[in-house]
Amino acid sequence: MFAILALIKSFVERNEYDVALLGRIAGGDRAAFAELYDRYSTLVFTMVSRMTKSQVDAEDLLQDTFLQVWSKAETFVSTRGSVYTWIVTISRNKAIDRLRSADQSRRGGRLDDSALQMMSDDGYRANPLVATISSEYENLMKEGLASISPEQRKVLEMSYFEGFTQSEISDRLELPLGTVKTRIRQGMIKIRNLLKGRIKT
Amino acid sequence: MTREEFLGLGAEYAAGGLDGDELESFLAYLKKASPAEAQEVAEFLSAASLLPLALESKVPPTHMKKELLRRIGARDSIHQRMLTLEGGTTFTGTPAWRRWQPLGIAVSGLAMVLAFTLYVTNLLETIDGQTGTIDRQNTRLVELQAELQRKEELLNILSARRVEIVIMSGLGDHTGAFGKILWDPERRVAILQVSNLPPVPPDKDYQLWVIKGAQPFSAGVFSVGSTESYHFRVDHLAVTEPGQIAAFALTLEPKGGVPAPTGTMYMAGSPKL
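Read top to bottom, the protein sequences are chains U and B. Counting with my numbering, you get residues -10 to 190 for the letters of the first sequence. Counting with my numbering, you get residues 246 to 518 for the letters of the second sequence.
Extracted from the complex, chain B is given alone in its bound form:
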């Protein structure tokens, strides 16, 4: 690789555009680059890192700082408690052993050991119980955050300048099922709402398809349980205009989805053109 080629790749690397063999060759050359060459690459990286300054500033919501400080406080608190417990366990036994006298050592020592063991056992059970509670609350928190995110996304789409709605109806044995796609064509983001679909077997997923011309494009996979209604976010819809869509369809496919539909069609709907 010549110096000129290396510096050209340095500019491309700083912009984040390199991958594959070119990236490997560049990084390998960088390891043995002269100080002057490394300096030039550093200048490209620095210039690239300043690109965000050219954007129009967007101030984060004020509650985020408070939330962040709360979260680091919670982490520290758990860490401190663990340190305290470790320290306390080490400290408790030592002075007692020094006070033991020859007479009655066996009896009092055994009693202390038993008492201490009981104390530690109770303490560990308490910690286990509290850890389980924290785990459950964390799981619930994650579920609530996911639910909140879906609701916020739904609101975002509803407040978009343009919203397209496609009604999907159940087919065959599943005429009781129905669904809707609320779709922001500008951001190419959609929310799929489905109701009364049968729960998904463990080895299957539902897969949403966008039919463009005669060609189906996967728009994502999802599962449903026994709850009546579900919302799913659909990112990067493969089309931008309703006129390009012939239909949306929902099929049951092997877990993780497939490149082209193979399973039973449960629901379908077409945009009103």
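Extracted from the complex, chain U is given alone in its bound form:
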């Protein structure tokens, strides 16, 4: 129990520190920017490398993501979500745009962060899953992905990391759309419940 409380406390403290860094970045503090880069560059590079499967594209996207962080730091609203989620959303959307431009036939997968803006402040603040990067969460997520079936994992990865819509996944895997939807739902519910259960234990 104390370990979990310490974990939550560390998440909150980490996000508060990130928010403070972004505030300094909005004021033009390059040292703060360099520190934020050190904290998140590996995560962003890992994700965009997986999405684009190209070293060149991944390097471009890493630069684009952090240039946007530098120029848009003042637009971040700390009550609407964590710095972690903000940076992941920026980099994923940029990677989706890159995948779309390379393959015009692809339609979607982009997350509209306006959905985050529609949610209540309290709801977001109270959500312990709005956390930051940590080794504990890396292990939890690896465990989460391992806990779902290979079929569920396949469609989730195609959707989240490869930017395919459900219809596109259905076409590519030659599966009924309903099956794809069910697999994504069940996979997401299982992962969410696992994370939620751990935090509340």
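Hints in this document: simulated from the structure, not taken from any laboratory. One thing to keep in mind: the hints can contain errors.
Stated by the list, open to error - Reference listing, derived: stretches of chain U covered by chain B, where coverage requires no fewer than 3 residues with Cβ under 8 Å from a Cβ of chain B:
no., segment
1, 6 to 14
2, 23 to 31
3, 74 to 84
4, 126 to 132
5, 155 to 161
Cβ atoms here follow ideal geometry from the backbone N, Cα and C, with glycine treated the same way.
We have chain U; now place chain B onto it with these hints.
Relative to chain U, chain B alone:
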């Protein structure tokens, strides 16, 4: 939409899979969702945002941080210079006007205005010139980066575990033209190298086709100028195995390409099976 349907769509949305009407319906419902429903969607979004943590970490090259800091420094420097210029222009005239005395005001004032105008004109010309130089250097930089990217991609393909090479030969009046396709079947990425092709008219493009069975699939469009040799990256080749390809062909088509080949065939080549 029922609550259950909404939450199901929330899970699909968080995974990035929704589009079209379903996405619109979901976002519309989200606007009027109860706090408890919004909370559940937020949990799905948060869980999805943690998915990258499950990947094997890949550390970016160390030079990237330095490059990034250089780039934000360059942006700031330009911004600061602009602010300084704006401030300086406002400041220069005011104290001078206060020192003017009744006698000789017209003469000295005119001289100062003329001098100031000349100074500002020279300054603006200097800024224009420097802006033009920066623009040219930026254009050159973009060209060099694109060239570097192509070279790196070529090296990536050459270092792939498996590389397929298809030789393309000129046809008809263009027997002097030749080309090669270096192709990484695992990543479905290829580099097309062409030489001695005639320059493309403004309303045309060359279009590369992969012939699979008897069916042509477009693999991209490109233009060439007067330079002898060009390299182009070909993404997402429509096939994975050489055995599935009957031939590669290059035709001249209307700008932007067409769904099926219509123009003159300039080059063709088949993989050695």
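Now the hints, each set against the structure:
no., hint, verdict
1, 6 to 14, "violated (count 0)"
2, 23 to 31, "holds (count 5)"
3, 74 to 84, "holds (count 4)"
4, 126 to 132, "holds (count 5)"
5, 155 to 161, "holds (count 3)"
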